[in-house]
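Engineer: The residues making up each chain are set out below.
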Amino acid sequence: METMQFDILTISGAILLIATFGIVATRGFMDWLNAYRYQSIVLSGVTAIIGYVTGIWEIYIAAGLTLVIKSIIIPKVLTYVTRKLEIEFKLETNPYVSIRASVIISALLVALSYFLIQQIPFKSDQIVNVYLPVSMAQFFIGLFVLVNRRTVLSQVVGLLIIENGLFLFAMALTHGVSLLIEVGIFVDILVGILISSILLFRISRTFDSLDVGKLENLRDD
Amino acid sequence: MDNLLSDLTILFLLLPPIAGAGLVTVLKKKRTIGIITICAASLILIQVLFVVSKIVSEKTITAFGNAFYVDSLSAVILLSVSVVGFVAALYSKNYMGRQYDNGTVDDKHIVRYYQGFNVFLLTMLVVPIANNLGIMWVTVEATTLVSVLLIMLYFKENAIEAAWKYLIIATVGLSFALIGTVFFYYANINANNSEDAMNWTGMVHNAKHFDPNLVKIAFVFILVGFGTKAGLAPMHTWLPDAHSEAPTPVSAVLSGVLLNCAFYGIIRFHIISSVSIGPEFSNQLLVILAVVSIGIAAASIYFQKDMKRMLAYSSVEHMGLISLGIGFGGLFGIYGAILQIVNHAVAKPLMFFASGSVSQKYEAKAMSKIKGIIRVMPVTGILFLIGGLALVGMPPFNVFLSEFMILSSGFKSGQFIATLLVILFLVVTFAVFLRHLIKMIFGNPLSEMKKGEMGKLAIIPMVILCSIVVIFGIFIPAQLQTLIQNASTIISGGGFA
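As they're listed, the protein sequences go chains A and B.
For the first sequence, numbering that gives the first Met the number 0 assigns the number 0 to the initial residue and increments by one for each residue that follows.
For the second sequence, numbering that gives the first Met the number 0 assigns the number 0 to the initial residue and increments by one for each residue that follows.
Please keep in mind that the hints were generated in silico from the structure rather than gathered at the bench.
You may find that some hints are simply not true.
Unchecked claim - Restricting the straight-line Cα-Cα distance to at most 27 angstroms, the calculated cross-link-like pairs of lysine-lysine (DSSO-like) are:
1) A/Lys89 x B/Lys155
2) B/Lys370 x B/Lys438
3) B/Lys455 x B/Lys370
4) B/Lys364 x A/Lys213
5) B/Lys155 x A/Lys213
6) A/Lys89 x B/Lys164
7) A/Lys89 x A/Lys213
8) B/Lys438 x B/Lys449
9) B/Lys155 x B/Lys29
10) B/Lys155 x B/Lys360
11) B/Lys164 x A/Lys213
12) B/Lys107 x B/Lys455
13) B/Lys215 x A/Lys122
14) B/Lys449 x B/Lys304
15) A/Lys83 x B/Lys155
16) B/Lys455 x B/Lys364
17) B/Lys438 x B/Lys304
18) B/Lys411 x B/Lys215
19) A/Lys83 x B/Lys164
20) B/Lys304 x A/Lys213
21) B/Lys107 x B/Lys27
22) B/Lys438 x B/Lys364
23) B/Lys449 x B/Lys360
24) B/Lys207 x A/Lys122
25) B/Lys164 x A/Lys75
26) B/Lys360 x B/Lys304
27) B/Lys155 x B/Lys304
28) B/Lys360 x B/Lys450
29) B/Lys29 x B/Lys360
30) B/Lys107 x A/Lys83
31) B/Lys27 x B/Lys155
32) B/Lys107 x B/Lys164
All chains should be built: construct the whole structure from the sequences, respecting the hints.
Structural biologist: Right, dumping it as structure tokens:
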């Protein structure tokens with residue numbers, strides 16, 4: 000029974016990482032969004048598993064919220080606001096580091112996060128052991144996507160990955176901080192995504208491009 | 000009965016901005032919504048003064064169970080938020096009115112502006128009084144979102160760019176702060192505290208039992224996270240963009256008090272970490288970031304061509320000084336740092352208001368195009384000069400006193416290299432800032448300009464702030480002194496005065 004539980008934990012952690020790599024390895028916005036959606040569904044499953052293992056009912060609510068907000072509402076909103084954008088705005092044609100190298104770097108980041116987590120003195124616990132490195136890896140890969148990609152859309156996706164990593168981190172380490180705070184965080188993300196969608200739209204209209212390289216009017220010289 | 004009273008106190012503090020935002024949404028008349036916002040801001044100010052007087056006599060207020068916790072440190076931040084909120088509301092009436100008249104904003108957006116302004120004040124009022132550190136994080140993130148909306152009010156390219164950079168950098172930065180907060184929480188529940196484990200009071204009480212390694216990692220995350228929001232270098236890159244592109248009253252609030260609110264987060268965790276592992280670790284980090292910030296600010300001010308960006312970099316410098324004072328420690332340094340929080344909160348909005356009026360008059364923000372302010376708008380010119388002299392720390396104005404205290408505590412604590420470096424940077428800033436200032440204020444305007452001020456409602460807020468700048472340079476009211484004294488004891492003495 001113990002090992003089976005451990006297997007479920009490991010497999011779900013692996014699926015989360017695979018979905019994250021799905022975002023790193025693809026160029027199109029719709030692909031990222033699908034990968035994000037799968038990741039969020041798995042994440043809500045993982046949350047429910049944590050709820051089951053720890054027996055705290057509040058975690059089930061967090062799982063439900065994750066499912067509704069992250070796998071339904073946010074992808075819907077992003078699909079809706081980007082429906083009018085031209086197709087070339089939605090493709091990451093020219094990242095700073097090539098896709099192939101990005102995958103390798105992401106793999107190194109995963110290794111790094113396993114290494115880092117071993118350095119920190121945590122109470123040994125199956126959930127912590129399995130999910131904490133995964134969440135750290137998501138966080139790092141999200142940061143990497145954010146700085147490496149040039150379109151504004153992929154920066155939004157990078158933020159979303161970071162946020163999923165954070166959520167898993169808090170869940171795995173502390174089994175949910177408290178429902179009130181989690182709801183607050185969810186509201187913050189949702190509003191943040193709405194604002195960034197409006198901004199996205201304005202950037203595409205004002206600059207006639209979604210390349211962050213074009214956003215360089217403001218300088219000190 | 001006593002509980003009910005403190006619940007009501009907090010409730011009346013938070014009610015005016017909520018009511019203000021609601022009324023603005025319902026009424027939508029350009030003239031009335033400005034006045035409503037001024038009313039809301041003055042109600043907040045009155046209520047905060049009441050809270051502060053209570054804090055001076057009773058030291059703490061706890062309300063709604065344990066949800067809100069106000070002590071002298073929170074009161075200092077509350078005071079700066081409410082004063083700056085009030086003068087910014089006054090200034091908004093004139094400034095946004097002019098923006099409306101020349102067609103920069105339309106009916107829809109002026110309503111958005113006042114809604115955003117009220118909500119912005121609300122979020123900044125909750126940050127210092129929330130006992131639950133998770134709630135504090137949520138409200139700090141909320142301040143980012145609201146202020147991004149306020150910067151986005153203009154459709155200009157620059158405003159959009161600034162809003163985007165601010166949103167992304169601040170959100171990513173704050174995600175570090177959330178990780179740090181979760182680490183502290185974990186350290187707390189690991190030390191067998193399951194009651195109020197996320198509350199600041201709960202953490203400080205239990206901090207001695209935290210795992211030292213966890214605390215160190217957690218504090219680094221906190222410092223990076225809230226440091227980004229507070230504009231400490233090298234995470235400050237969003238700050239000059241956002242502060243220079245926002246509508247002027249919003250710039251004043253962003254620079255004058257939002258930075259303080261973010262720094263307040265660092266201070267709270269600094270206290271926990273000091274109780275847990277002693278102050279040396281966090282002090283050292285704060286001093287390093289401070290020196291880097293002041294240095295980068297000096298270099299950037301040296302090369303600056305844009306008036307508002309120069310003021311923004313001066314905010315980076317001031318945040319560095321606050322961090323330096325806390326990092327040097329000792330009652331003198333910490334007192335200086337808190338005094339600096341107050342002084343920054345009055346001097347910086349004064350400068351932003353003046354520069355806003357100037358750039359409306361000259362229709363330019365580049366310093367090379369602005370000459371002879373004192374001939375064109377004499378009152379604003381004088382206020383601008385006094386504010387500028389105060390900002391660089393010229394005696395007898397208020398900032399001099401706090402800077403002097405901070406620097407002398409540096410020598411006292413034996414950190415000679417850091418102190419000397421900072422003095423060097425401050426001298427550079429002093430010279431360059433004054434040169435820019437004098438070039439703008441004196442001389443002849445480049446083209447013929449009609450002499451005249453920007454209206455009474457633009458002058459009054461500046462006169463209020465300027466008189467505080469001058470008065471605080473000479474003497475600080477006894478009540479405020481007690482308040483700052485208690486706040487410094489909270490920081491140096493393990494969380495309680």
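Engineer: Decide, hint by hint, whether the structure agrees.
Structural biologist: Hints, verified against the model:
no.	hint	result
1	A/Lys89 x B/Lys155	23 angstroms, holds
2	B/Lys370 x B/Lys438	6 angstroms, holds
3	B/Lys455 x B/Lys370	23 angstroms, holds
4	B/Lys364 x A/Lys213	22 angstroms, holds
5	B/Lys155 x A/Lys213	14 angstroms, holds
6	A/Lys89 x B/Lys164	20 angstroms, holds
7	A/Lys89 x A/Lys213	16 angstroms, holds
8	B/Lys438 x B/Lys449	20 angstroms, holds
9	B/Lys155 x B/Lys29	22 angstroms, holds
10	B/Lys155 x B/Lys360	19 angstroms, holds
11	B/Lys164 x A/Lys213	12 angstroms, holds
12	B/Lys107 x B/Lys455	26 angstroms, holds
13	B/Lys215 x A/Lys122	17 angstroms, holds
14	B/Lys449 x B/Lys304	25 angstroms, holds
15	A/Lys83 x B/Lys155	21 angstroms, holds
16	B/Lys455 x B/Lys364	22 angstroms, holds
17	B/Lys438 x B/Lys304	12 angstroms, holds
18	B/Lys411 x B/Lys215	26 angstroms, holds
19	A/Lys83 x B/Lys164	23 angstroms, holds
20	B/Lys304 x A/Lys213	22 angstroms, holds
21	B/Lys107 x B/Lys27	8 angstroms, holds
22	B/Lys438 x B/Lys364	14 angstroms, holds
23	B/Lys449 x B/Lys360	9 angstroms, holds
24	B/Lys207 x A/Lys122	18 angstroms, holds
25	B/Lys164 x A/Lys75	24 angstroms, holds
26	B/Lys360 x B/Lys304	18 angstroms, holds
27	B/Lys155 x B/Lys304	20 angstroms, holds
28	B/Lys360 x B/Lys450	10 angstroms, holds
29	B/Lys29 x B/Lys360	22 angstroms, holds
30	B/Lys107 x A/Lys83	24 angstroms, holds
31	B/Lys27 x B/Lys155	24 angstroms, holds
32	B/Lys107 x B/Lys164	25 angstroms, holds
The structure agrees with every numbered hint stated previously.
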